[in-house]
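Enquirer: Fit chain B to the known structure of chain A by using the hints.
One line per chain: the protein sequences are A and B, in this order.
The opening residue of the first sequence carries number 1 in UniProt numbering; numbering runs sequentially from there.
The opening residue of the second sequence carries number 1 in UniProt numbering; numbering runs sequentially from there.
FYI, nobody ran anything at the bench for these hints, they're computed from the structure.
Bear in mind that the values here come from a model prediction, so they are computed numbers and not experimental data.
Here a beta-carbon is modelled for each residue, glycine too, at the ideal position from N, C-alpha and C.
Treat the hints with care, since some could be wrong.
Derived DSSO-like pairs: lysine-lysine, alpha-carbon spacing no greater than 30 Å straight-line [stated by the list, open to error]:
no. : chain 1 : residue 1 : chain 2 : residue 2
1   : A       : LYS329    : B       : LYS8
2   : B       : LYS8      : A       : LYS325
3   : B       : LYS125    : B       : LYS165
Taking CB as the label site, the calculated pair distances span [said to hold, decoys possible]:
no. : chain 1 : residue 1 : chain 2 : residue 2 : range
4   : A       : PHE189    : B       : LEU15     : 26 to 36 Å
5   : B       : MET32     : A       : VAL200    : 41 to 51 Å
6   : B       : ILE9      : A       : GLY323    : 25 to 35 Å
7   : B       : SER150    : A       : PRO205    : 28 to 38 Å
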Amino acid sequence: MTYIDDFPGEARVVRAAFAIAFASIGLGGALGVLQALFRTGYSRSLFSAVDYYSILTAHGVLMALVFTTFFIVGLFTWGVTRSLDTGFRDLRFTWGWLGLMTLGTVLAFVSVLGGIVGWIPTHAAVLYTFYAPLEASPTFYLGLALLIVGSWGAGVDYVLALREWRADNPDERIPLQTFMAVATMLLWFVCTLGVAVEVVVFLLPWSLGLIPRVDPLLTRTLFWYFGHAVVYFWLLPAYFVWYTIFPKLSGGRLFSDPLARVVFVLFLVLSTPVGVHHQYGDPGLSQGLKFVQMTSTYFILLPSLLTAFTVVASMEHGARQRGGKGLVKWLRALPWEKPSFSGIALAGLAFAASGFGGMVNAGLNVNALVHNTMWVPGHFHLTVGTAVALTFMAITYWLLPQLSGKRLRLRTLAAVQPYLWFVGMVFMSNAMHRVGLAGVPRRTSEPQYEQVIFNTPIATIGELHLQTVGGAFLLFASLLCFLAVVVSTWLGDRGAEPLAVNGHIPEALSGPEHGPSILDNFRVWVVLTFLLLLIAYGPPLAAMVQNGLFAPGSAPIPA
Amino acid sequence: MEIHRLEKIWLAVSLVFIVALVASIVYGVAGMGVGTVGDTGQQLDPNGLDQTRFADPGGHWVDDDHYVVNVVARQFLFQPGTQEPIMVPANTTVTFYVTSPDVVHGFDVVGTHLNAMVIPGQETKLTTEFDEPKSYGIVCHEYCGAGHQSMAGQLIVVPADELPKNGSAASGNATATNATADAANASAAVAAPEVSA
Numbered sequence: 001m002t003y004i005d006d007f008p009g010e011a012r013v014v015r016a017a018f019a020i021a022f023a024s025i026g027l028g029g030a031l032g033v034l035q036a037l038f039r040t041g042y043s044r045s046l047f048s049a050v051d052y053y054s055i056l057t058a059h060g061v062l063m064a065l066v067f068t069t070f071f072i073v074g075l076f077t078w079g080v081t082r083s084l085d086t087g088f089r090d091l092r093f094t095w096g097w098l099g100l101m102t103l104g105t106v107l108a109f110v111s112v113l114g115g116i117v118g119w120i121p122t123h124a125a126v127l128y129t130f131y132a133p134l135e136a137s138p139t140f141y142l143g144l145a146l147l148i149v150g151s152w153g154a155g156v157d158y159v160l161a162l163r164e165w166r167a168d169n170p171d172e173r174i175p176l177q178t179f180m181a182v183a184t185m186l187l188w189f190v191c192t193l194g195v196a197v198e199v200v201v202f203l204l205p206w207s208l209g210l211i212p213r214v215d216p217l218l219t220r221t222l223f224w225y226f227g228h229a230v231v232y233f234w235l236l237p238a239y240f241v242w243y244t245i246f247p248k249l250s251g252g253r254l255f256s257d258p259l260a261r262v263v264f265v266l267f268l269v270l271s272t273p274v275g276v277h278h279q280y281g282d283p284g285l286s287q288g289l290k291f292v293q294m295t296s297t298y299f300i301l302l303p304s305l306l307t308a309f310t311v312v313a314s315m316e317h318g319a320r321q322r323g324g325k326g327l328v329k330w331l332r333a334l335p336w337e338k339p340s341f342s343g344i345a346l347a348g349l350a351f352a353a354s355g356f357g358g359m360v361n362a363g364l365n366v367n368a369l370v371h372n373t374m375w376v377p378g379h380f381h382l383t384v385g386t387a388v389a390l391t392f393m394a395i396t397y398w399l400l401p402q403l404s405g406k407r408l409r410l411r412t413l414a415a416v417q418p419y420l421w422f423v424g425m426v427f428m429s430n431a432m433h434r435v436g437l438a439g440v441p442r443r444t445s446e447p448q449y450e451q452v453i454f455n456t457p458i459a460t461i462g463e464l465h466l467q468t469v470g471g472a473f474l475l476f477a478s479l480l481c482f483l484a485v486v487v488s489t490w491l492g493d494r495g496a497e498p499l500a501v502n503g504h505i506p507e508a509l510s511g512p513e514h515g516p517s518i519l520d521n522f523r524v525w526v527v528l529t530f531l532l533l534l535i536a537y538g539p540p541l542a543a544m545v546q547n548g549l550f551a552p553g554s555a556p557i558p559a
Numbered sequence: 001m002e003i004h005r006l007e008k009i010w011l012a013v014s015l016v017f018i019v020a021l022v023a024s025i026v027y028g029v030a031g032m033g034v035g036t037v038g039d040t041g042q043q044l045d046p047n048g049l050d051q052t053r054f055a056d057p058g059g060h061w062v063d064d065d066h067y068v069v070n071v072v073a074r075q076f077l078f079q080p081g082t083q084e085p086i087m088v089p090a091n092t093t094v095t096f097y098v099t100s101p102d103v104v105h106g107f108d109v110v111g112t113h114l115n116a117m118v119i120p121g122q123e124t125k126l127t128t129e130f131d132e133p134k135s136y137g138i139v140c141h142e143y144c145g146a147g148h149q150s151m152a153g154q155l156i157v158v159p160a161d162e163l164p165k166n167g168s169a170a171s172g173n174a175t176a177t178n179a180t181a182d183a184a185n186a187s188a189a190v191a192a193p194e195v196s197a
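Next comes chain A alone, as it looks inside the complex (with noise of 0.2 Å):
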């Protein structure tokens, strides 16, 4: 049986929410080309330096915060009732929370276009970080409020459905992609209490006048509180698609249960006392909180190093069950032809390489090299950009089938699209790196200044331009394909075929029976999250506050 059939109500939850996040990333996208055009001058007509930032702050909450999050919610739906093999108890509620999460999302981004548009009266220049003072109307903050709140609620039905379950079958292991996404929900649940209190306690009030001043090092600590969390947010449902989907993909099965679960656990555990990292060259910070956070941020390399090994090893496995022999050759008998093994693989070695870029940005001194220079945003396009949104595209050409019931079509341009993108990505991202080395900043509308000489090696900054915007258009090009993939495939006829696809998974060569059943006791690993938590911000915050909540404090400045 195929999904859509076996929950028709989960199943069209699960298309609204994607629909939302591929209308984000495909306006998101444009705007993107936008960006790449007039940052490196080769087109600064069609709009102003100034709206350039409103530009750039719709593009960073279309991408990072509204795709993102709509894909997870529907990822996580599909994931919890297909491995639970249950429905949700009310769709009422389901329906609730996705209609929180796009009114709020709808709000927000009107209140970004107010800064373009003259007759909506609202200005939210503020870019996707909003740090105090710089003020956007209190319509952009409610907006990401219900975002945030409305994505809760998708927490809490993954939790409700498996505590359900789990009163049915008490003495069987949670399935691994339940399991999943509950850590990945809990993880978001701590994290997101630092930006839903810096919105909803101090700039929200802020902005409709409430209160005078808010304290900037206060707020944007609690920013940075849910800040680097939340890429692990974004890059655990891609996990999620690795480790349970992708082996079956490349012809084989997981390696390891036990161990996703063990990664999935340090995960919740690290994620969220390690976002002082962006905050090195902060003043009012001690070196002393900044070193024992950089300790952390480099522990969390354990789990993704991890993941690498399971990874490879999975799709090795599989490669020899197709007959792949040899040391490296077997690489030859993966499915490459199919974009959802590509596109993930793909997306795989753009987080290797990614990886080791963080590490540099991890670095305590060494990051003074490249804080908020076009390297950080060279950085996350690898990341979020692709490691995640590529898997995303790539995981949906093999799950659109399973939702909608029909085939998927258009299929030489779904097969095209990962290596498009690859490519394009790696042009644009390599340039932004290498332009950050010499010191361009990043969010900058027009990076050239009279007094400033940025050195570039090897290559002219103006060759790294011509990168730059030659990949944005590879990559508008590559998003074209997949949304003409998914929009034909959605308005196309349910087929008397039977569909290529099934949402069968084999199970784990080594199965969840063989790791101990404490990882499966999400009690025990909120309460270490928490203690953890206490030592890494307790100091800090209590040290912010101890001179009053809202000083040294600042008056809204209108962005």
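Expert: What follows is chain B alone, placed relative to chain A:
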């Protein structure tokens, strides 16, 4: 729990790698003295900078081998830095204090380790030593509003005897033209300033 032999080896190598990464940073901080911005313990009222060291921004000698520069980063210029260059002596300990009366800014001396945030209510303290006369660009690298793309400045390192010991930074302007020429003539070797809190 069963763990494959190869995976055990991978795990061990990964752990060693992580420890080595942390150790390399420790060596950089403790062995080479290259740290990052810390906490000076000093907080400021962004609206009351005239009561602080930032009342009269600019550079001055605090003793024979220590030069201090107080910089105000505001929408959309550095004072000093944008309208007149920041002048600092070569082969001398130089400490920068930077703050902001309005929004968050960045203070990045391009091509050096001097790269930090400027946050209203806090003071950013950077200490370094420049090896030779040279001219550097300064960029605000945190989005700070509509004019952010224009926020930049210049830092000129001059021989220590060109900065009068008893005058303010303003009198240093008289020698700015000369110093710029000197800096342009200076060798292009990259200085590696040390940054510490």
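Enquirer: It remains to establish, for every hint, whether it holds in the given structure.
Expert: Taking the hints in turn, this is what the structure says about them:
1. A:LYS329 / B:LYS8: holds (25 Å)
2. B:LYS8 / A:LYS325: holds (24 Å)
3. B:LYS125 / B:LYS165: With a Cα-Cα distance of about 22 Å, the restraint between LYS125 (chain B) and LYS165 (chain B) holds, given a limit of 30 Å.
4. A:PHE189 / B:LEU15: 26 to 36 Å: holds (29 Å)
5. B:MET32 / A:VAL200: 41 to 51 Å: holds (44 Å)
6. B:ILE9 / A:GLY323: 25 to 35 Å: holds (27 Å)
7. B:SER150 / A:PRO205: 28 to 38 Å: Holds - the Cβ-Cβ distance for SER150 (chain B) and PRO205 (chain A), about 33 Å, lies within 28 to 38 Å.
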